[in-house]
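Same order as they appear, the protein sequences are chains B and A. Numbering-wise (the working numbering), the first sequence opens with residue 1 and increments by one. Numbering-wise (the working numbering), the second sequence opens with residue 1001 and increments by one.
In case anyone wonders, no lab produced these hints; they're calculated from the structure. None of the hints are false.
Below, a list of computed lysine-lysine pairs in the BS3-like style, where the Cα atoms sit at most 27 Å apart:
{"hint": "1", "chain 1": "B", "residue 1": "Lys169", "chain 2": "B", "residue 2": "Lys188"}
{"hint": "2", "chain 1": "B", "residue 1": "Lys14", "chain 2": "A", "residue 2": "Lys1023"}
{"hint": "3", "chain 1": "B", "residue 1": "Lys292", "chain 2": "B", "residue 2": "Lys255"}
{"hint": "4", "chain 1": "B", "residue 1": "Lys255", "chain 2": "B", "residue 2": "Lys235"}
{"hint": "5", "chain 1": "A", "residue 1": "Lys1023", "chain 2": "A", "residue 2": "Lys1262"}
{"hint": "6", "chain 1": "B", "residue 1": "Lys14", "chain 2": "B", "residue 2": "Lys317"}
{"hint": "7", "chain 1": "A", "residue 1": "Lys1023", "chain 2": "B", "residue 2": "Lys57"}
{"hint": "8", "chain 1": "B", "residue 1": "Lys202", "chain 2": "B", "residue 2": "Lys311"}
{"hint": "9", "chain 1": "A", "residue 1": "Lys1262", "chain 2": "B", "residue 2": "Lys14"}
{"hint": "10", "chain 1": "B", "residue 1": "Lys146", "chain 2": "B", "residue 2": "Lys188"}
{"hint": "11", "chain 1": "B", "residue 1": "Lys169", "chain 2": "B", "residue 2": "Lys57"}
{"hint": "12", "chain 1": "B", "residue 1": "Lys317", "chain 2": "B", "residue 2": "Lys235"}
{"hint": "13", "chain 1": "A", "residue 1": "Lys1262", "chain 2": "B", "residue 2": "Lys57"}
{"hint": "14", "chain 1": "B", "residue 1": "Lys247", "chain 2": "B", "residue 2": "Lys317"}
{"hint": "15", "chain 1": "B", "residue 1": "Lys17", "chain 2": "A", "residue 2": "Lys1262"}
{"hint": "16", "chain 1": "B", "residue 1": "Lys76", "chain 2": "A", "residue 2": "Lys1262"}
{"hint": "17", "chain 1": "B", "residue 1": "Lys235", "chain 2": "B", "residue 2": "Lys202"}
{"hint": "18", "chain 1": "B", "residue 1": "Lys169", "chain 2": "A", "residue 2": "Lys1262"}
{"hint": "19", "chain 1": "B", "residue 1": "Lys184", "chain 2": "B", "residue 2": "Lys169"}
{"hint": "20", "chain 1": "B", "residue 1": "Lys247", "chain 2": "B", "residue 2": "Lys311"}
{"hint": "21", "chain 1": "B", "residue 1": "Lys311", "chain 2": "B", "residue 2": "Lys169"}
{"hint": "22", "chain 1": "B", "residue 1": "Lys17", "chain 2": "A", "residue 2": "Lys1023"}
{"hint": "23", "chain 1": "B", "residue 1": "Lys292", "chain 2": "B", "residue 2": "Lys235"}
On a predicted model such as this, the values are computed, not experimentally measured, just so you know.
Spelled out from the first residue to the last, the chains are:
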Amino acid sequence: MPAITCGGLVKEYKSQKLVRALDNASFEVAEGEVFGLLGPNGAGKTTLVKILATLLKPTRGHAEVGGYDVDNEEHKVRRIIGYAGQDSERSAYFRLTVRENLLYFAHALRDMSVQTARERIEYMASAIGFSDRLGKHFIALSGGEKQLVIVMRAIMHGPEVCFLDEPSKSLDPLTSQQVRDFLKAYAKENVITICLTTHNMKEAEEFCDRIAFINHGQLRFIGTPSDFKRRVTVKEIVEIGVSDLGKTVESALMKIPGVSTLTHEGNIRLYCDDAFSALSEVLAVLNNANTKAPVRMVEPSLEDAYALFVKEDEANKNG
Amino acid sequence: MANPLKLFYMAVWRNLLTLTRYKANFLFEILTSALFGFGMLLFSFAFNASLLGETVGSTNYVAFFVLGVSFQSWQGISLWGASGMFQGELSTGQIDYTFSCPFSRYWYIVSNIAASAVQEALFFIPMFCIGLWLTSATLTVTGVILGLMATMLSVAALAQLGAIFASLTLRYRQVTAIFGFFNFAFQMLTGMFIPVQLLPTPLQIVGQCLPQTFGMDLLRYYVMGTKAIMPVEYEWITLLIQLAALGIIARLAISHLERTAKEQGLHYI
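All chains should be modelled from the sequences, with the hints used to inform the complete structure.
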């Protein structure tokens, strides 16, 4: 049985006009799988996670978590899930220590015995190198440390399915890696299915078994990170080491045969059918514009695939 | 440097816009000011000692007032404690985590009210002791025990009303003016500062539907020896009925309003 099943999920918000935040989303996540939701801000990722975590009511369609309907059997769903939202900076008791906070949530809201909760807190903190901060007040922690506490709170009761909304937000690269390693091992050991949203492509690539790309509320892609790269970046990339070349030069670059997309991601990137053939023409355009900048061919990463996918998706949407 | 005049009128503009964004709250801000004027008018009657003596059988207005004020500490926490907790959780975003956990919303609210009431006892006990000292002439041990039991029963029924208000917080987000309106209305209608018997009949009927009316009346009856509004047996039974009825309404309201709040997302405030 899949850990998560969604069929034709629609969520509409009624404000001044009707906003469709989620549009006919259907997918399944297998037990023990780490499933990543990618997409631009406002794409519908958090809405989807909140529906699955029984925090939002879908307008249409159905969803099940652990075989329970999220709308009609929400109490059963809540027993088997863990949840970490985006508002981590303030979502615990400021004047309680980390240990006291976790103990309160585990014992009062998750019905864990005090003894088990204490042991689990010590175990988790030791695994992610957090033991020395268990006695600190929540308010005294840095943004990243608060985020860690919220992630610990989400998994400490050993849920079957865990929803993490941008778990690595505010974490430095080393801590982020440490949390990923811990989560992966913890999830594997306890057979926890993880559904997370992220803007961190490294996290998606290294951590997720499969990813789904959402834009404008619609699921545009579901598959492994390598599938995503293969599907999107059949093209090759020529990177120019400047952030901006001006409209005239950039439109000249776009006229080079085989070049389909130009993006600004720190450096300028040209996505083309054959980078080697395009290279000489790129140099010629730069030379004509009297621009001296480093030019090189690069291996497409998941981040490149993501950027290209978003760009193409927007272009398709705008006709 | 920013022009102070511009800072001022933009702040007024911002505040007015914010005020009108919470329409229910805005309406109750206006209603509260009208109610306050009316309440003060009623308040003036209570200072007439002979009228007080005729109405409740005691001219000890200070004791009458102090026992009412001591009751207010628990009324406040019972009615608004859970709403305040939800407002805090809504603004910090903790509500999303809380509501993803598997527990009864009703018991979560009621347990938190009870926890706050324990804390609030720090205020209740000194005021209550002063009330007892002021009524030493009529005081008996049985009277104190029965008075406290009536208070507890009344507070338990009030907590059900508090749970209803807490669920309204989930629906309307910003409810401070609504709280203000009802808090003052309840103080005036339930005999906290002026005897219920001095109110116009329609207001007396409203007052008798609220649990604190008979809670306070029984407390004063047992401690001060005042005349009760109704035979005391009826008052006890009414309190029990109010507890049961409000408990059922609270459960239904919480369940309904949680679903409604989930339409737009719990954390928007």
